[in-house]
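From first to last, the protein sequence lines stand for chains G and A.
By the count of the numbering used here, the first sequence reaches residue 185 at its end, each step adding exactly one.
By the count of the numbering used here, the second sequence reaches residue 185 at its end, each step adding exactly one.
Honestly, I wouldn't trust all of these hints.
Each computed DSBU-like pair below joins lysine-lysine, with the alpha-carbon atoms no more than 30 Å apart [claimed, not checked]: (1) A:Lys124 <-> G:Lys79; (2) A:Lys124 <-> G:Lys41; (3) G:Lys117 <-> A:Lys41.
Restraint ranges, calculated between C-beta atoms of paired labels, are given here [said to hold, decoys possible]: (4) G:Gln70 <-> A:Lys146: 52 to 62 Å; (5) G:Ala121 <-> A:Glu32: 27 to 37 Å; (6) A:Arg26 <-> G:Glu145: 37 to 47 Å; (7) A:Asp99 <-> G:Val167: 28 to 38 Å.
Calculated from the structure, these hints are not laboratory results.
Predicted model only: the values in this text are computed from it and were never measured.
Here a beta-carbon is modelled for each residue, glycine too, at the ideal position from N, C-alpha and C.
Protein chains: 2
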Amino acid sequence: MSEELVTFFKALSDANRLKIIGLLARQPYSVEELAVLLNLKASTVSHHLSKLAKVGLVSAKTDSYYNVYQLDEQALELKSRSLFSQENLAASVADVDADAYDNKVVKDFVRKDGGLKTIPAQRKKLEAILRYVVKAFEVNKRYSEKKVNEILSGYHADYASLRRELVGAGIMKREGGGGDYWREE
Amino acid sequence: MSEELVTFFKALSDANRLKIIGLLARQPYSVEELAVLLNLKASTVSHHLSKLAKVGLVSAKTDSYYNVYQLDEQALELKSRSLFSQENLAASVADVDADAYDNKVVKDFVRKDGGLKTIPAQRKKLEAILRYVVKAFEVNKRYSEKKVNEILSGYHADYASLRRELVGAGIMKREGGGGDYWREE
DNA sequence: AATCTAATTCGATACTCATCGAAATAAATC
DNA sequence: GATTTATTTCGATGAGTATCGAATTAGATT
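Turn these sequences into a full structure, and let the hints guide you.
Structural data, given as structure tokens:
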């Protein structure tokens with residue numbers, strides 16, 4: 001996945017985070033020690049460490065009062081080796097191709113007024129359309145079924161099928177049996 | 001230098017720029033072609049390409065109307081190999097140490113009101129102070145000698161020495177013989 | 001020379017994110 | 001159990017930057 005690669009690079013595209021890595025390459029440090037060395041507040045350092053931890057470059061060990069962070073050299077080695085591998089390069093291009101495919105399908109099935117000519121029967125095309133339709137919903141906002149139907153009916157008279165497929169494909173989530181709907185991520 | 005490394009990672013920490021790299025890994029493309037493939041405007045793609053070019057990952061070849069960009073695979077290979085080398089790790093730590101040194105010198109020579117107790121005689125300490133003093137100037141803005149003197153006199157009565165040392169150390173630039181001063185980078 | 005076309009630059013806007021201080025957690029000592 | 005200490009989380013702020021459209025530049029064709 002390309003998103004993961006972006007996250008990795010973002011984690012490293014900050015001078016203070018690189019300094020942290022450089023320091024941890026020599027020995028483990030607590031948050032406070034790093035804060036003093038870098039002339040930053042502890043909360044800021046904590047923020048940086050969480051980003052580095054998220055991509056698996058550092059990890060923490062609790063030691064009495066302190067939370068001692070250490071560099072995962074193995075992960076560093078591994079990552080740096082595979083960064084520009086054929087797979088990663090291909091993955092980023094796959095994203096482009098996928099987008100292009102989605103765009104083509106949307107162009108084929110969507111009228112100028114934004115509504116759907118038909119609901120695609122083929123699975124792959126249907127999913128492309130579902131990814132298009134879901135953009136009408138805000139991320140992480142809760143919608144009642146009534147509201148969902150109302151929005152979807154702007155796309156096709158058979159809003160119920162759209163709603164069912166959105167949930168079935170995991171593109172929208174639903175709480176329990178009769179709860180609200182929302183768009184994740 | 002650590003700054004260079006940050007720039008490199010920043011160049012790669014954008015999804016669209018990674019896609020560009022992925023695409024150029026297969027074949028060269030013009031700006032316009034990339035814009036279509038990525039669903040972006042040409043001006044945006046141009047902006048991305050300039051960032052990638054700045055770190056030496058891509059280069060352009062003019063071909064009739066078009067400006068065809070290609071990936072410098074050699075640079076990619078080279079960079080990825082040395083990213084987390086001992087030298088780079090050490091360099092980032094050196095920055096920390098250097099900063100700590102500068103901070104200590106500043107603490108020793110600067111009064112609470114911001115003025116200098118004395119102008120350091122030792123070269124290394126003087127340079128640390130000069131790096132501190134130059135922060136009073138905006139980057140890339142032009143200042144007349146009169147204005148420079150005015151600002152520097154806030155630090156020490158011997159503003160002329162400060163001005164001379166700033167230029168001598170290359171920390172501030174001066175145009176020709178009697179022209180304006182400015183702070184680069 | 002005049003005109004087209006692609007590319008770049010510039011100014012504006014919206015969004016992301018580094019940083020801080022304050023509040024909330026967590027863990028250990030008293 | 002109460003309190004201290006380190007860390008994390010949260011909200012706000014400011015700086016940086018991706019994106020666009022318009023204006024400008026650079027080249028090539030007529």
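We went through each hint and held it up to the structure:
The straight-line distance between the Cα atoms of Lys124 of chain A and Lys79 of chain G is roughly 38 Å, outside the 30 Å bound, and the hint therefore fails. For the hint linking Lys124 of chain A to Lys41 of chain G, the alpha-carbon distance of about 28 Å falls within 30 Å, and the restraint holds. With a C-alpha separation of about 28 Å, the suggested pair Lys117 of chain G and Lys41 of chain A falls inside the 30 Å cut-off, and the hint holds. Between Gln70 of chain G and Lys146 of chain A the C-beta distance comes to about 55 Å, which sits within the given range of 52 to 62 Å.
The hinted range of 27 to 37 Å is satisfied by Ala121 of chain G and Glu32 of chain A, whose Cβ atoms lie roughly 36 Å apart. Taking the beta carbon of each, Arg26 of chain A and Glu145 of chain G are about 46 Å apart, inside 37 to 47 Å as hinted. Restraint check, Asp99 of chain A to Val167 of chain G: a C-beta distance of roughly 53 Å breaks the suggested window 28 to 38 Å.
This entry does not satisfy hints 1, 7, going by the numbered hints stated previously.
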